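Participant: One letter stands for each residue in the lines below.
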Amino acid sequence: GAVVSQHPSWVICKSGTSVKIECRSLDFQATTMFWYRQFPKQSLMLMATSNEGSKATYEQGVEKDKFLINHASLTLSTLTVTSAHPEDSSFYICSARQRPDEQFFGPGTRLTVL
Amino acid sequence: ILNVEQSPQSLHVQEGDSTNFTCSFPSSNFYALHWYRWETAKSPEALFVMTLNGDEKKKGRISATLNTKEGYSYLYIKGSQPEDSATYLCAFQVDSSYKLIFGSGTRLLVRP
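Protein chains in written order, with the working numbering: chain A, 1 to 114; chain B, 115 to 226.
Careful: at least some of the hints might be erroneous.
Computed footprint of chain A on chain B, listed as stretches where at least three residues anywhere in the stretch have a Cβ under 8 Å from a Cβ of chain A [what the hints assert, rightly or not]:
| # | stretch |
| --- | --- |
| 1 | 126–137 |
| 2 | 186–200 |
Only some residues are given here: those of chain A computed to face chain B with a beta carbon under 8 Å [said to hold, decoys possible]:
| # | residue |
| --- | --- |
| 3 | Phe39 |
| 4 | Leu46 |
| 5 | Thr49 |
| 6 | Arg97 |
| 7 | Gln98 |
| 8 | Asp101 |
| 9 | Glu102 |
| 10 | Gln103 |
| 11 | Val113 |
Honestly, the hints are just simulated from the structure, not real lab data. Note that the coordinates shown come from a computational prediction; the quantities given were computed from them, not determined experimentally. Just so you know, even glycine gets a beta-carbon here, dropped at the ideal spot from N, CA and C.
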């Protein structure tokens, strides 16, 4: 089946630093990738939709200048959390769309901002 | 605001028991309903994509039904095994843009 990887699987950083998370589709090309985050005891919440070669579309309430998304190739999308603060600590997970009705997820990245 | 509810939040069953969970979603503007199985430290794994009212899908011991008119889907597991222990997520797809709105999941623990 389709495999999506994420790197790193976990990261701890100091407040004010930036963190980049990579999402790769390993055995298929994905024109669309999605970024979600999950706070403790809450649902996965869509942050943004990333289309290869174009600007990402952000959901309401998600700051595009804080969460920079780049989808430079059909197999790689990156999420950069700029000037991270403790309230950005969360579980970030990406997914990639392969066929019209299927979305494959990465294993997620646990971000802790001290 | 679209809301997807799952119940129960968690469930402990004995090996061999059959069980079921519920996903409730808006009955208007339905496009598709997805079920995922998510084991700890792994990627969520797609189980079913359901689009038509009355759909019934099956994968081994797991099956799902869909009622779009009343806005609910059931996931059934027959003869639960310890390896079925996971969080089961449902997600409501609003339109062809493929945005998914997730429920908070049902955490299943199957005791040997």
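Participant: Work down the list of hints and note, for each, if the structure agrees.
Facilitator: Now for the hints, and whether the structure bears them out:
1. Requiring three or more residues with a Cβ within less than 8 Å of a Cβ of chain A, the coverage given for the stretch 126–137 of chain B is violated, as only 0 such residues are present.
2. A count of 0 residues in the stretch 186–200 of chain B with a Cβ less than 8 Å from any Cβ of chain A is obtained; the coverage claim is therefore unmet, three being the minimum.
3. Interface hint at Phe39/A: violated, since its Cβ lies 11 Å from the closest Cβ of chain B, which is beyond the 8 Å cut-off.
4. With its C-beta approaching chain B no nearer than about 6 Å, Leu46/A sits inside the 8 Å limit, and its interface hint holds.
5. For the restraint placing Thr49/A at the interface with chain B, the shortest Cβ-Cβ distance is roughly 7 Å, inside the 8 Å limit, so the hint holds.
6. Checking Arg97/A against chain B by beta carbon gives a least distance of about 6 Å; that is within 8 Å, so the hint holds.
7. For the restraint placing Gln98/A at the interface with chain B, the shortest Cβ-Cβ distance is roughly 10 Å, beyond the 8 Å limit, so the hint is violated.
8. The criterion of a C-beta within 8 Å of any C-beta in chain B is met by Asp101/A, whose closest approach is roughly 5 Å, and the hint holds.
9. Because the smallest distance between the Cβ of Glu102/A and any Cβ of chain B comes to about 6 Å, under 8 Å, the interface hint for this residue holds.
10. Of the supplied interface hints, the one on Gln103/A holds, with its beta-carbon coming within about 7 Å of a beta-carbon of chain B, less than 8 Å.
11. A distance limit of 8 Å between C-beta atoms decides the matter here; for Val113/A the minimum to chain B is near 21 Å, and the interface restraint is violated.
In summary, the structure is inconsistent with hints 1, 2, 3, 7 and 11 from the numbered list given earlier, while agreeing with the others.
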